[in-house]
Each structure stands twice: as structure tokens, then as C-alpha cells.
Amino acid sequence: MKQRHTASSVGIKRRENLQYYLMAAPFLLAFFVFTLLPILQSVALSFFDYDMVSMPDFAGLKNYVRMFVDDDVFGIVVKNTIIFAVAVGPAGFLLSFVLAWFINEFRPTVRAILSFLFYCPSLIGNAYFVWQVAFSNDSYGYVNSLLLSIGLISEPINWFKDAHYVMPILIMIQLWQSMGVSFLANISGLQNVNGELYEAGAIDGVRNRWQELWYITLPSMKNMLLFSAVMSIANSFSVSAVAVTLAGYPSVGHAVDTIVSHISDLGTVRFEMGYASALSVFLFLLMVAVRWLINRVLQQVGR
Amino acid sequence: MIFEKFKRRPAATGLRGSQVRKYTRSRVGNFFYVCFLLLFGAFSVLPLVYSIATSFKPLDELLLFPPRFFVQRPTAQNYLALPGLLSNLRVPLLRYLFNSFFVTIVSCILYVLAATLAAFVLAKSPIKGKKPAFLLVQYALLFNGTTLSVPLYLIYSRLGLIDTYWVLILPNVASAMGVFLMKQYMEDAIPDALLEAARIDGAGPQRVFWQIVFPIVKPCVLTLTMFGFSQAWAATGGNTVFNETLKTLPTVMSQITAGGIARSGSAMAVTVILMIPPITVYLITQSNIVESMSSAGIKE
Chain A
22 MKQRHTASSV GIKRRENLQY YLMAAPFLLA FFVFTLLPIL QSVALSFFDY
72 DMVSMPDFAG LKNYVRMFVD DDVFGIVVKN TIIFAVAVGP AGFLLSFVLA
122 WFINEFRPTV RAILSFLFYC PSLIGNAYFV WQVAFSNDSY GYVNSLLLSI
172 GLISEPINWF KDAHYVMPIL IMIQLWQSMG VSFLANISGL QNVNGELYEA
222 GAIDGVRNRW QELWYITLPS MKNMLLFSAV MSIANSFSVS AVAVTLAGYP
272 SVGHAVDTIV SHISDLGTVR FEMGYASALS VFLFLLMVAV RWLINRVLQQ
322 VGR
Chain B
7 MIFEKFKRRP AATGLRGSQV RKYTRSRVGN FFYVCFLLLF GAFSVLPLVY
57 SIATSFKPLD ELLLFPPRFF VQRPTAQNYL ALPGLLSNLR VPLLRYLFNS
107 FFVTIVSCIL YVLAATLAAF VLAKSPIKGK KPAFLLVQYA LLFNGTTLSV
157 PLYLIYSRLG LIDTYWVLIL PNVASAMGVF LMKQYMEDAI PDALLEAARI
207 DGAGPQRVFW QIVFPIVKPC VLTLTMFGFS QAWAATGGNT VFNETLKTLP
257 TVMSQITAGG IARSGSAMAV TVILMIPPIT VYLITQSNIV ESMSSAGIKE
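Residue numbers (this note's numbering), protein chains in the order written: chain A, 22 to 324; chain B, 7 to 306.
The following block holds chain A by itself, in its conformation from the complex (with noise of 0.2 angstroms):
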């Protein structure tokens, strides 16, 4: 039978390769061409002077040290993105799988109802124009007049406008809003565990549903923790569009302002492209740091 192992196998590998090579290849194509291509221009333009009309001009390290000595508010935009990321990553992570877990002792129809609700705000693309309404600046908005009504505050409160409770309103809505990818990928991790571990596991003396859920359901979900775990990275520390648009850019104080908001500010309004790539550099290189530090954690579970 060794013989067999010769000319033969060896053409039957190399064909079964180039199959493999030709399924991955329209993905690797695409992705190759419209997002690294990009990150690599936009990364290399961060070493560049470029105002989106002449050519771009080489500056070497110019944006990075800028960003350090001569941007005022570049540390105010690195704290609020900081507390965002803090305040949204774990929680947001935590409650997409919290609730995944919850809902998936349901029966089908109950839980396909449940994640329905939990996932609406995703679902429904810039649902946070409630909170517009909600938290409107007038003795019109739902959360003043009921403040009013009940005697609690004697004038409107121009929520979006004050530096106090922008933040914690934000906050809040991000939370609401963090119920995405991450929540529906634990879903289906968390019915894809095997049943028999269980059964080995009751065996092997497993006595409660926590131990249950640290030594069986967690390990056996590992890879699905890491991608909801990296989405939720992705998602906290890119907070922008809901400040700007609730709160505006720049907000009041800079309560609310990001990096994310900083650079599309810079790219689309002051057309410094050069210096916003290097802050998304700069943001890319954050979120690998803690990306590294969460794999740390994720290699812990089950221990």
C-alpha cells in the first residue's frame, strides 16, 4: 500500500489545493482589493501631507508627533473614547451573551420571539432617532414633560446640550444599541454545544449551572467568544455616528467627542487626510492592544 503513496497522491493533493485556493479565491479577491488595499493607501498616507487637492507631500513622522504636541484636543477625543469603550466593550459583551444564554433555554418560538425584541434596534437602522424624541430639549420631549409633570425638575433640560448628562445618555443608548452581531452569532454558538458534553459533564461532577457554564458551555464556544469579543473591540471604541448626530461635533465641552468623530471631522470637513490617517492608525493600534489583551483572558476560561 506504501508505494500507492508516490506519483499519484502527490497530483491528487495538487489538485485538491488548487481547488482549495479557487474556493477561498473571490472572497481574497474582493477583500484584497476593496478593504486592505485602502487601509494600506490610508495607512501609507499618514506619513503624507495631503489635502485631498494637490499631491500628497511627503512628511515623515510629522502627523504622529502632531497628534502629541499640537492637537488640543486629541487627549480630550482619546478619554472619551477610552470611557466609551470601557463603559460599552465589557458590558455590551457581557449582555449579548448574558441574554443569548438566558433566551436559549426557551422553546423555539419563544426564543425566535425574544431575540426578535432584543435585536430590533440593530434591525432597524438609526432607531436611535427615539432617543432624539425621548430626550428632546423642549418641554415637548417625553423624558422632560414627564420630569415636569411629576414636579422633579421646574425647566426643561437640554439633555444633548449638557456636559453632565450627554455622556451617561450616550451611554445608555449604546448599550441599547449593542444587542447586534455579537448577540446573534452567541445564539447560534450556544446551540451549536454539544448535548453529551452535559451528560459527561453531570457524570464527571458538574453540580450547578455555573460550573456548568465555565467548564462545558464556555469552552465549547471559544471561538464564537473571541468573534463576538472582537466586534464588540470594533464597535466601543468606534462610537461616533450616534454622538454626532444626537450630540453634534464638536459637542458641548468636547463631552462626547471621539477619535472616530475627531478624524471624520478632519477628513470630510477640514480635509487634512494625511494627519485623520494617522489617527486611525493610531485607533487601529489601540484596539490591537486590547484585542491582545482580551485573547489573554479568553485563554483563561475554563481553567
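Note that these hints are calculated values from the structure, not bench results. Treat the hints with care, as some may be off.
[Claimed, not checked] Result set (PhoX-like, lysine-lysine): computed pairs, CA atoms no more than 20 angstroms apart in a straight line:
#	chain 1	residue 1	chain 2	residue 2
1	B	K134	A	K34
2	B	K137	A	K243
3	B	K136	A	K34
Fit chain B to the known structure of chain A by using the hints.
The following block gives chain B in isolation, referenced to the frame of chain A:
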């Protein structure tokens, strides 16, 4: 009652019918548990209810003080006003409708197929270079897209894609999220031994993919279909489509909202109408997930 069914479904977890779960909870625990879920559910469904309620409000209720969340005297006038508002569009409404469905369906199919095939290769093939390729895919997700619009525009125009359907379709196919999701799912769901056995039986990559891998990952395929659909459905084409006959439904929306408060009821009506396709697809895919999950018992 919900409580009576408050145990894992035997089919999906692989438990035989006779083996019932051992851990039970107190009634008080169950009560708080359901309360929490219902509260959070109510909180989440708010925008949907509000949008639908508002789309049926007559003008005077839209301006009511103090504002009321629910509609008092529902009227269909916001919906009935739509044909009039839409009659003076430069392009017939049907064309926008066609564009939206065409672009969404084509990019959805291409997105899911390309992502699933590539994820299979990245997760389960022996070929060289799959590890670095997957790292690139993962890290690309962490790069914020804001500064990419200029390089992307240059690439589109270099390839002659500006003002074609392709510029609305191809970027969806390139999205790294789907491959990442699908690859992680395959790692958790498909035992290597199963594929090894198929290979020994003489099945090539194509057959292994279509006959073994694809049926197992069907739930994830459906989830991805839903993402792909709602993503493409919401896309406007931005600064890459100028030809009015190629634009999609969201542009019609912006023409109606431009009318100020008097039209806010009609704008809400359009919002509600635009929500219907993604919600329909969500419900279809979710119910299928439930179905195919209980029938897919291939676990070694």
C-alpha cells in the same frame, strides 16, 4: 405556560428525550428572570412601536403637548399621502424598488457564498498561507473605515465601477465580518475527524464542502444572509452613484424627510415600509434556524 417548557430542547442539545435537566431554579428566581427579559425586550422594541404608532398619527397629534407615545385617533393619511409625494420623483418609484431589491439580493448571495467558501478554506484546509490570510481578515475589522473613503473612491474609479451596480455590490462581498464569523463557527461546529473520514472515503474539497460542511453551518449561513440583506438594504451608494436611475430606496426617503414637520408623519410611514423587508428576512431566517438546528444532528 412558558415555565413548563423551561428546559433545554432535547433535539438541539443532543440530550435523549428521557434525560431531563438536573438543575432547577426556584419559582422566585424564574419570576425575576422572566421579568428581566420582558423589561429588556420592551426597552428594545421601543423604536419599532414608536415608529409604527407615529406613522398612524394625524398632524395635530404629531404636534401635541404633552407628547403622547401612542396614537389616539389612528389615521392612514400619512400612508395615503405617499403616492402624491412620490409622483413627482424624477425616476419612477418602481425603478428605485427594483434597484434596491436587485442590489440587495445579488450582494447578499455573493456575500454569503464567498464568505462561506473562504471560511471553509481558512478553517479546514491544509493549504499554506491560510493563517496569515486569516490574521489579515481579523485585523482589518479593527481598522476604522472613516479614512478609507478617499482611497476607495480612487480604486472604484480606476476599475471603472463608479455609477454602476457593481459599486453597490462588490464592497459587501469584501466585508471581513462574514468570513470571520463563519470561520469561528466552523471551528466550533465541525469536528476534524468528520472531514478526515470523508476525505478517506475519497471526497474532494468541493464534495466535502457541499455535502458535509454546508449542511452543518446552515444556521450560520442564515444568520449571515440576514446580516448581508439588512446591510445591503440600507446602503445608499454615497458619493459613488450619481445616476438617478441606479439609486436605491433610501434616497427616496431623504427626499420626503426634506419636507419638515408637516411631512414627519409621511417620513415615518416610509421608514415603516422600508423596515418590512429586513424584518421579514430576519423572521424567515430565524425560524429556519430553529428548524434546521433541531434536524442537524451530525456530531461525532
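Results of checking the hints against the structure:
Distance hint between K134/B and K34/A is fulfilled; the C-alpha atoms sit about 13 angstroms from each other, no more than 20 angstroms. This hinted pair checks out: K137/B and K243/A have alpha carbons roughly 18 angstroms apart, not beyond 20 angstroms. The straight-line distance between the Cα atoms of K136/B and K34/A is roughly 16 angstroms, inside the 20 angstroms bound, and the hint therefore holds.
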